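Novice: Sequence:
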Amino acid sequence: MPFPDDETIMKTAGGIVEGFQTVFGKHPGFRPAHAKGFVLNGTFTPTPEAASLSIAHHFNAPSTPIVIRFSNSTGIPAIPDTDPNADPRGIAIRFNYPNDANGRRVHTDLIMHSVPFFPTRTGAEFLEFLHAIAASSQETAHPNSVEKFVGSHPATLAFVQAPKPVPTSFARQQYFSVTAFTLINSTGKENFVRYHVTPEVGVETLTPEEAAAKGPNFLHEEMTARLKGGPAKFKLSAQIADESDVTDDATVHWPESRKVVELGTIVIEAEDPDSDATAKNLIFDPIPRVPGVGPSADPLLEMRAAIYLMSGKQRRAA
1 MPFPDDETIM KTAGGIVEGF QTVFGKHPGF RPAHAKGFVL NGTFTPTPEA
51 ASLSIAHHFN APSTPIVIRF SNSTGIPAIP DTDPNADPRG IAIRFNYPND
101 ANGRRVHTDL IMHSVPFFPT RTGAEFLEFL HAIAASSQET AHPNSVEKFV
151 GSHPATLAFV QAPKPVPTSF ARQQYFSVTA FTLINSTGKE NFVRYHVTPE
201 VGVETLTPEE AAAKGPNFLH EEMTARLKGG PAKFKLSAQI ADESDVTDDA
251 TVHWPESRKV VELGTIVIEA EDPDSDATAK NLIFDPIPRV PGVGPSADPL
301 LEMRAAIYLM SGKQRRAA
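For the sequence shown, the UniProt record's numbering begins at 1 and goes up steadily by one.
One or more hints might be untrue.
[Unchecked claim] Quick list of simulated restraints, FRET-style, between CB atoms:
#: 1; residue 1: K228; residue 2: E18; range: 39 to 45 Å
#: 2; residue 1: E209; residue 2: G229; range: 23 to 29 Å
#: 3; residue 1: T187; residue 2: D242; range: 42 to 48 Å
#: 4; residue 1: A141; residue 2: E262; range: 47 to 53 Å
#: 5; residue 1: V160; residue 2: E209; range: 49 to 55 Å
In case anyone wonders, no lab produced these hints; they're calculated from the structure.
Every value quoted in this text rests on a predicted model; they were computed, and no experiment measured them.
Note that CB positions come from ideal geometry on N, CA and C, so glycine has one too.
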């Protein structure tokens with residue numbers, strides 16, 4: 001996963017990593033965002049429809065081994081699962097391909113969270129948002145910096161105000177890819193898509209009163225108990241854009257009337273026996289770099305790739 005070449009991207013990405021660490025504190029060995037999480041293993045089995053949309057290996061092979069990481073928001077490793085700031089929840093999925101002809105590992109990743117859009121269109125705007133948060137406190141006169149920022153950025157306000165109820169389980173939460181991607185089939189046809197991951201058992205959330213009665217690590221504990229009774233399953237789907245839809249802005253929704261195609265089943269079988277060490281070394285890549293799947297022109301993709309690689313190198317060095 002190479003660093004992007006653009007000097008501006010690198011400077012902004014470094015500022016965002018520092019911004020997270022200013023807001024949430026420095027926690028060596030942990031991610032600056034979505035610090036609290038755990039790793040599991042499973043498989044992905046595609047539908048026949050997936051192969052008609054993409055030549056990618058994981059959409060054509062009978063099944064593909066996967067690594068999954070569930071996480072809470074913020075860069076605080078011990079944030080209680082019941083804290084309102086722990087949303088949106090995250091899921092990252094690595095599809096592990098067979099090694100290439102030189103014996104090198106090949107994979108592609110999918111990183112999603114539980115709100116179907118992002119608070120800013122660009123990394124530079126997100127850095128402004130972090131600076132505004134860092135400059136604000138309960139004692140700051142109103143409107144403070146973050147209130148001014150949110151008040152002048154409708155997309156950020158929409159993200160902040162979006163409902164984020166606490167799920168009863170990571171296995172009963174829906175997840176969304178906020179950026180668009182392209183799926184490329186055997187004829188070279190490209191479709192812009194956004195991914196959805198939907199639990200087979202349905203979405204279920206807690207009331208504030210129910211959440212208050214839960215323990216600080218109940219989501220991890222619940223998943224451990226759930227998997228003793230059998231695997232957790234999700235459906236991976238693709239919402240397909242119309243020609244009129246915006247594909248380079250993660251703050252913009254596509255109409256719910258757009259066609260959704262089921263791509264396959266995610267089966268989570270067991271927790272990684274060395275979850276913490278695996279999580280420390282895993283550096284997910286938001287940009288697909290395999291045949292059959294491509295990035296959109298969304299500016300967040302290169303930015304996130306730079307942030308993930310920077311923070312991953314810091315984590316491994318800790």
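Novice: With reference to the structure, classify each hint as holding or not holding.
Specialist: Status of each hint after checking the structure:
With their beta carbons about 41 Å apart, K228 and E18 fall inside the hinted range of 39 to 45 Å. The hinted range of 23 to 29 Å is satisfied by E209 and G229, whose Cβ atoms lie roughly 27 Å apart. At roughly 20 Å, the beta-carbon separation of T187 and D242 lies outside the given 42 to 48 Å, and the hint is violated. Checked against the given bound of 47 to 53 Å, the beta carbons of A141 and E262, roughly 52 Å apart, stay inside it.
For the pair V160 and E209, the supplied restraint of 49 to 55 Å is violated, since their beta-carbon distance comes to about 23 Å.
The structure is inconsistent with the numbered hints 3 and 5, although it conforms to all the rest.
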